[in-house]
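Colleague: Keeping the supplied structure of chain A fixed, place chain B upon it in accordance with the hints.
2 protein chains.
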Amino acid sequence: MDAHTAKPSPELPHVVIVGCGFGGLEATKVFEGAPVRVTLLDRSNHHLFQPLLYQVATAGLSAPAIAAPIRHMRRHQRNLTVLMADVVAIDKARREVRLADGQAIPYDQLIVAAGATHSYFGNDQWQEHAPGLKTLADAFTLRARLLSAFERAETLPDDASRAPWLNFVVIGGGPTGVEMAGTLAEIARHTLRDEFRRIDPGRAQVLLVEGSERILAAFKPEQSAQAKAQLERLGVQVRVGCRVVGIDEAGVDLQTADGGRERIAARTKVWAAGVAASPLARTLDVPLDRAGRVIVDEHMNIPGHAEVYVVGDMAAATSLEKDGTRKPVPGVSPGAKQAGRHAARQILARMNGRAEPPFRYRDYGNLATIGRKAAVADLGSIQFSGFAAWLFWLFVHVYFLIGFRNRVRVFADWAWAYFTFQRHARIVVEPKGGLRQDEA
Amino acid sequence: MDAHTAKPSPELPHVVIVGCGFGGLEATKVFEGAPVRVTLLDRSNHHLFQPLLYQVATAGLSAPAIAAPIRHMRRHQRNLTVLMADVVAIDKARREVRLADGQAIPYDQLIVAAGATHSYFGNDQWQEHAPGLKTLADAFTLRARLLSAFERAETLPDDASRAPWLNFVVIGGGPTGVEMAGTLAEIARHTLRDEFRRIDPGRAQVLLVEGSERILAAFKPEQSAQAKAQLERLGVQVRVGCRVVGIDEAGVDLQTADGGRERIAARTKVWAAGVAASPLARTLDVPLDRAGRVIVDEHMNIPGHAEVYVVGDMAAATSLEKDGTRKPVPGVSPGAKQAGRHAARQILARMNGRAEPPFRYRDYGNLATIGRKAAVADLGSIQFSGFAAWLFWLFVHVYFLIGFRNRVRVFADWAWAYFTFQRHARIVVEPKGGLRQDEA
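Quick note, the sequences are listed as chains A and B, same order. For my numbering, count along the first sequence from 1 and bump the result up by 3. For my numbering, count along the second sequence from 1 and bump the result up by 3.
Just chain A, with the same shape it has in the complex (with noise of 0.2 Å):
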């Protein structure tokens, strides 16, 4: 019996991790055949590959393709328990985790990455009229919707009443929004063409609103007015420096620059805008950031708790540069990535008496798809947009996807798609969930 497949014993210390996000998951690797036992708790049962969560709105994937078992990619990691379990809060001085059945959970060491959800700014009731995209249900709900009103228009009598079905606004320019507004504007003019009588999908207004003055503001500038000029070509209006100020069922009102205001009728928006950190960071009892995020040291550790972390999307942590200057580490997955590993081996360090050196974020760059063919890379010393940019975000996200089954599916739907212009996804679950047929 080696070390590798023995049952660990339960004199070993326990190490509790919430969330299996990309944070969550590099963290639970770490202890594979390491002297603890793991617990990880996750809301669902499954890890989602993020980054391509927008292909799943817009029917390029199915969820299969980039979500898989949690217990299953682990299944052979032995000191692992993996529970589906909704954690409701932490307990610093009983060193115990909450679920929502009630059952508490002891801890020796704990990580916290439970990610973010979306943030609607104190304007809770327009998340049901613009829906954000975190989850797989989020992502059925705006594919629901998005098929639902070409579906809806077909069925209206008139071009007035069909235009606001035919209105598409996306509210946020990072990169989630950007991927959205150029991914909309191809099913309209390419993977819908020819499939109805009585509209032109490819008459559909695609717009996307950014407060700010530019779209994907972690590029550079230059590159987020290639992002734009591609946008464009695709058929996106792109409307910077324009704020939204009410969303209700029918449209969206938007403050522009020079103070004006305006009414978009349009059935159909995604939220991209804004997020927070998730809920369970107030239950630690510690200072948060203006996003609700957690902040910790330069270990990922809460003050005065060496024997709990937070990483990813839930953490405001900092980043020791070479030249002793701290900066802010993004809310991107190699953040969450590298914050969770340097968490687990910390713990495994302190176990023997040692310390890991402080957090230093390493910057692959960043890297933005627009649509077919366009995109825009960032890595630092090198920037460039267009198909080479598209090549290479395709790439690399084939690359990082989990299991090596999923790579191959998703290259093989992707390629199908690029020479088809189809998308094999076109699946509306709920029929009645995008439709609103007893409405006007």
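No wet-lab data here; the hints were simulated from the structure. Just so it is clear, the structure is predicted and the values come from calculations on it, not from any experiment. It is possible that part of the hints are untrue.
Computed, partial: chain B to chain A, Cβ under 10 Å [to be verified]:
hint	residue
1	Ala-66
2	Ala-68
3	His-75
4	Leu-139
5	Thr-194
6	Glu-198
7	Arg-201
8	Gly-205
DEER-style ranges, computed between Cβ atoms [stated by the list, open to error]:
hint	chain 1	residue 1	chain 2	residue 2	range
9	A	Pro-333	B	Asp-127	25 to 35 Å
10	B	Ala-220	A	Asp-197	44 to 54 Å
11	A	Arg-196	B	Asp-251	48 to 58 Å
Beta carbons: idealized from backbone N, C-alpha and C, even for Gly.
Modeller: What follows is chain B alone, placed relative to chain A:
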């Protein structure tokens, strides 16, 4: 401009088809290129290959593998308009169908193919505890419940509390019930093996309950016995002559053949027992049979209305046999397809002053799969079971699956599943859908 691509003139007769299952889809195809305008109405945007729906419910296939957008499938049929709309009533006198949104669509000729729904024999309160399997939404509900039951058991502290989550009851011993029970046993014994730490999924109990004296009543008695033996080899308990008299959240009450009562504690129940025709049948105001099906004549017409046809699971149709006797048409996909084709051809024949010969059902036999390498086939002159029947079943289903690409995809998924015992679609989309964490 040739006849095939010309826009149909509004003076052409208007054929309305309600429902795009096997019957409605086949009828639609017959009208390709014919001098009619066709409007096809369906509540969903996709045609569903229902014989493989249980594979979606049991995580073997993703939804897009067995569902295709109707308007994409028929995009080349220029005389066809597809509308995603919910038909709520048929007005024979005014010759129009009414939609949920209040619109009325007039017809010259009408083919109603709205299918069937679950019947709980007057116990509609059973539905939430024992969902059935007719739509993709049903399949997702079942998938979430099946997978979440194992997840829930893993979170519980002792065998007594876990047991009800590891008991699965399938109600109804027809093809769907047999497929579900066999696949569930395979999941418990093979797919999930070695992935749990606290429970042994292989100890899950799968119970198949059938009210009559044998399962697969459409087959010969020897084949029912073979199917029962194959199920038992897979680990399924088969109970025949056993009626369900109660279903609640925590379990099922049975009445055994000798009149005794038995209570089974089981959190997960699947309803595969009863179907009833679409409630749309009642709005036709014509004689119905006990299952709510419309009694139609030898051309699928309702009494006194040669312009109204009902086909598929909604119709109680008979076949004129060679010996002059009439036999009921079984509620299987070949029956619906043949009846749909017959109705459409009869419409075209009557437009030319002719008539089709009375409907004769061509019976290709019966086929039911049980699980890995197990099936039964009855081709009339020949009966076989086991591995050969399973290979035959596989071939037939992949062959008939709509769309070349879906065939390749399904075949690849199955080849993978066969050699690895894995099921790629093990995704619980709504984390709380099947889990009910707040309950005991």
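Colleague: Each of the hints needs a verdict: does it hold here or not?
Modeller: Hints versus structure:
With 10 Å as the threshold, the beta carbon of Ala-66 (chain B) comes within range of chain A, its nearest partner Cβ sitting at about 5 Å, so the hint holds. With its C-beta approaching chain A no nearer than about 8 Å, Ala-68 (chain B) sits inside the 10 Å limit, and its interface hint holds. The beta carbon of His-75 (chain B) is positioned within 10 Å of a beta carbon in chain A (closest approach about 6 Å), and the interface hint is therefore held. Against a cut-off of 10 Å between C-beta atoms, the interface hint on Leu-139 (chain B) holds, since the closest Cβ of chain A lies about 5 Å away.
Of the supplied interface hints, the one on Thr-194 (chain B) holds, with its beta-carbon coming within about 9 Å of a beta-carbon of chain A, less than 10 Å. Here the hint on Glu-198 (chain B) is kept, as its CB sits about 4 Å from the closest CB of chain A, short of 10 Å. Annotation: Arg-201 (chain B) was flagged as interfacial toward chain A, and the flag holds, the nearest CB pair being 7 Å apart, inside 10 Å. Hint status for Gly-205 (chain B) relative to chain A: violated, with the closest Cβ pair at about 14 Å, above 10 Å.
The hinted range of 25 to 35 Å is not satisfied by Pro-333 (chain A) and Asp-127 (chain B), whose Cβ atoms lie roughly 53 Å apart. Look at Ala-220 (chain B) against Asp-197 (chain A): about 46 Å separates their beta carbons, and that is inside 44 to 54 Å. At about 51 Å, the CB distance of Arg-196 (chain A) to Asp-251 (chain B) agrees with the hint of 48 to 58 Å.
Going through the hint list in order, the structure does not satisfy hints 8, 9.
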